[in-house]
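Chains as they are written, first to last, in the numbering used here: chain A, 1 to 308; chain B, 1 to 308.
I should point out that these hints are in silico values taken from the structure, not numbers from a laboratory. Some hints could be false.
No copy labels: a pair is met if it fits in one copy or bridges any two.
Each computed DSSO-like pair below joins lysine-lysine, with the alpha-carbon atoms no more than 27 Å apart [unchecked claim]:
#, residue 1, residue 2
1, K85, K302
2, K115, K302
3, K196, K302
4, K85, K126
5, K126, K302
6, K115, K70
7, K196, K85
8, K85, K115
Protein chains: 2
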Amino acid sequence: MNTNSPVIVREVGLRDGLQSIARTLPTEHKLEWLRGAYAAGLREIEVGSFVPARLLPQLADTAQLVALGKTLPGLLTSVLVPNLKGAQAALDSQADLMLLPLSASHAHSLANLHKTPDAVVAEIAKIRALRDSSGANCLIEVGLSTAFGCTLQGRVEESEVLRLLQAALDAGADRVGLADTVGYADPLQVSRLFEKGFKLAGERLACGHFHDTRGLGMANVFAAWQVGVRRFDACLAGIGGCPHAPGASGNVVTEDLAYLFASMDVATGLDFDALIALRARLAQWLIGETLHGTLWRAGLPKTMKDLV
Amino acid sequence: MNTNSPVIVREVGLRDGLQSIARTLPTEHKLEWLRGAYAAGLREIEVGSFVPARLLPQLADTAQLVALGKTLPGLLTSVLVPNLKGAQAALDSQADLMLLPLSASHAHSLANLHKTPDAVVAEIAKIRALRDSSGANCLIEVGLSTAFGCTLQGRVEESEVLRLLQAALDAGADRVGLADTVGYADPLQVSRLFEKGFKLAGERLACGHFHDTRGLGMANVFAAWQVGVRRFDACLAGIGGCPHAPGASGNVVTEDLAYLFASMDVATGLDFDALIALRARLAQWLIGETLHGTLWRAGLPKTMKDLV
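With the hints as extra help, turn the sequences into a complete structure.
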């Protein structure tokens, strides 16, 4: 395991973060956020979701954000896509990557996408066919959500997660990732499931998505990194939370994650000062929302000059 | 490495936590805290410090707390002791363990104890002689503070930490521990320094003391546990903070630490509901102070029934 290879942080606040915040952030603020995240060194950003605007008015301006993302050199612009119709919209927008959620929990899949996991796999195959016939080079990434447990059904069997991981690859996913959607994972479980996942998917298993709902976000990221994960989702100020735990943290905090890796001399390309400045703007836009994170308050240690 | 062996959590809120809180908690509340912590399954508790009352009026009732601790069957009652005079008071109180801080940072040692680290080592030898001549069986534990960096001098060399660890053992410490007093440690540094420490001290290296100032507390605990640490300091609600970072978290949070280990099926003997109930009482006593932690808000996951 090369501990010196760089780590990619994908900022998902504009989608996973805002999705569970009631107020609609004006498009101009989102565009400023996107520009600021890019300026801070982020080179993968999830900018929104192609779901019907009536379901998520918060993300109705996704195409505008993709359009800005396409003008930023070297940026990989991700969008979430729940079905074939959304995939067509993503292709039309010329997004670089579409993230397709696939719940490992049967109950969560029915509640969230109104389909069984296997029906979602069938949809993934259709989306792959659509992508290929369109001639676009938009990457297809499948995010295995509730891979470490589910608030609805509780336990999710590892064998089922791995079966669906293989099914997603067979259906044509370019990449897959494992997501602790509800903050149930522990570090040993993370090591074990990613190790098994790597045996199936090799380098195509390419994302760890962790929530800090119960304080284990950073420990889980560290455990995943130890077994070879080099790409993580994170959210500025940890916004988003968990609808089942009011006030609890959502995704791991981008600026804290940047600090974790910097502290271990692992390159992320991120500029700490720029992230903290952007966090301050975000805090103004989202007054009243619970923000998370530690580093904005504590500052860098005297032993560390910068993060780049 | 036996990953099934139990972990001991030592509650240090009554000393390390309260020490940096301005208001003086009434003795009756401290006694209730001590009883509640014992009832929640904690079997090692640091109840105070034998420093001059004029310096730390907050901890002037330490002897009363030790007296209660001695009545609780199976409880190991710890006190902090900064010098020979404090050691005599600790022996007089019949505490079970005295924790002697030894700063690995020269600058921190001078600022905190007005002595060089080597002068502190000489004091440890005197304390050992005093303990032996008294016939008491009070354990002597030396906590290597600022072992991972220092807010005053910045970097602390590992070679100096290990030299002082050996010196503490040579001076008669029964046990030693490594403390990230200011929240500078990262998980790789933790693994490395504890592995080196175990080579010198074997089982006598018996405590990890981590602060969550920059969000890495749980990751550092996990890293230390991975290399064999089975005893950790923690603080209910993470009270105490860091005088250099207002509002920042202090010690790792007892109830979150209990959850980390429970989530990995590692026994701690702690009762989650009792910890959370005690935290709620603490929150009433300390209204206005910044409390920390995640689990009190998010609750246990559906996949976990209890923590015992």
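Right, here's what the structure says about each hint:
Proximity of K85 and K302 under a CA criterion of 27 Å is satisfied in neither setting, with 51 Å inside one chain copy and 34 Å between copies. In the homo-oligomer, the alpha carbons of K115 and K302 lie at most 27 Å apart only across protomers (23 Å), although the nearest pairing inside one protomer, at 52 Å, exceeds that limit. For the identical chains of this complex, K196 and K302 are inter-copy neighbours only, at 24 Å across copies versus 39 Å inside a copy, given an alpha-carbon limit of 27 Å. When the C-alpha separation of K85 and K126 is checked against a cutoff of 27 Å, the pair qualifies only within one copy, where the shortest distance is 11 Å, while the shortest distance between copies is 78 Å.
With identical chains, the CA atoms of K126 and K302 are never at most 27 Å apart, being 53 Å at best within one copy and 34 Å at best between copies. For a Cα distance limit of 27 Å, the shortest separation of K115 from K70 qualifies neither inside one copy, at 32 Å, nor across copies, at 60 Å. Taking the closest pair of Cα atoms, K196 and K85 never come within 27 Å of each other, the shortest separation being 33 Å inside a single copy and 57 Å across copies. When the C-alpha separation of K85 and K115 is checked against a cutoff of 27 Å, the pair qualifies only within one copy, where the shortest distance is 15 Å, while the shortest distance between copies is 71 Å.
When each numbered hint is compared with the structure, violations occur for hints 1, 5, 6, 7.
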